[in-house]
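K.L.:
Sequence:
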Amino acid sequence: MKIAIIRRRYTFHGGAEGFSQELIKQLSLAGNEIHIYAIEWENVEAKNVYFHKVPAITFNSFLRDLTFAVFSSFILKKHRKRYDIIQSHDKTLYQDIYRAGDGCHIEWLKQRWKRIGIAGKLSILLNPYHWLILKLEQKIFRQHRFKKIIAISEMVKRNIIDNYEVSPDDIKVIYNGVDADRFHPDNINKYRDETRKQFGLTENDFVVLFVGSGFERKGVGHLIKAVRSISEPVAVLIVGKGSENKLKEMVGHQKVIFCGPQKNIERFYAAADIFVFPTIYEPFGNVHLEALASGLPVITTKNSGAAEIIEDGKNGFVVDVPEDFKAIAEKIKFFLDGDKLRSAGENARRTAEKFTFQKHIEKIMSFYKDIIAQQ
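Quick note, in this note's numbering, the sequence shown goes up one by one and the last residue is 375.
Among the hints, erroneous ones may be present.
Pair ranges (Cβ atoms, derived) [claimed, not checked]:
no., residue 1, residue 2, range
1, Arg112, Met1, 33 to 41 Å
2, Asp169, Thr202, 53 to 61 Å
3, Lys110, Glu42, 29 to 37 Å
4, Glu42, Asp169, 31 to 39 Å
5, Gln358, Ile188, 36 to 44 Å
Rather than coming from a laboratory, the hints here were simulated on the basis of the structure.
Note that beta-carbon positions come from the ideal geometry of N, C-alpha and C, so glycine has one too.
Please model the entire structure based on the sequences and the hints provided.
P.N.:
Right under this line is the structure:
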């Protein structure tokens, strides 16, 4: 099968980028020929993968995304007959499958709007980039610029239906996959002591992990408020990129360590006891699956698509809103009990084994075949 993937920037950094990399690797291993249409890319070590430059004006994000959407559509229309499937991972205007990996921009703005003051609201209203992304989103969904949509959670599917009145029959929910070999409980034996020592932690510390960039949207402030309200000693590792200064002022008596962006992220899951992600809006979040696969119970919010695979008390907890730091604190304290922690960790791994990348590729390939059969 010849598959065209539209991805504005093909790199190995970040959750969405890492997912795209693994998807393309697995699709090529399955015997497909993959053509990536991008502005820029890093080389990939996989057979039958070819890159195609999409011209774009990269002076700023507005012009970059606008010109990429226009020029990629023009190029793919021209080369339509070359491919069995054209799948876009960005807000573009010509594709067979639109993968809504970023969720709904309008839904993210709604969630943010409820949580900011007048200055923040004015910033959104006056920012032309938001207007552009909303316009592209409207064109994709309301003008039916797709044959089918992949939503990466039921939450995203609901967001699309509620905001754009797309038929449920046009949307297929396919959860992300995880590399269950790379992220594994056995990594504790390889990385735990070394990683804890690197950041001044002992084997007896109870360690909470957060992984993600964009601290405001992903709720790092709510996590810090939660651990600050716990009297028992708790250490927190925060891995990722974001504004740290105000957050550091909130820390209080607990040990909170900002680690910055990190490679070999599996080391940090191995060093931790639980994973907490009190997000304001997250379409799914690969980090949830990475934590589960590593044997970590997960605490997240209803604003995350991954909440759909978390069972309260079994493999983690789901809190209603990220601002409820007292509820987050109670869930963290629940896992201070070693027996409950071990049981939930085992269940976490069993959950992740249902969502391996191999199973994900099987679902994707079946979906592709269904679309081709209908053409």
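K.L.:
For every hint, state whether the structure bears it out.
P.N.:
Here is how each hint holds up against the structure:
1. Arg112 to Met1: 33 to 41 Å: Because 39 Å falls inside the window, the suggested range holds.
2. Asp169 to Thr202: 53 to 61 Å: At 55 Å between Cβs, range holds.
3. Lys110 to Glu42: 29 to 37 Å: holds (34 Å)
4. Glu42 to Asp169: 31 to 39 Å: holds (37 Å)
5. Gln358 to Ile188: 36 to 44 Å: violated (24 Å)
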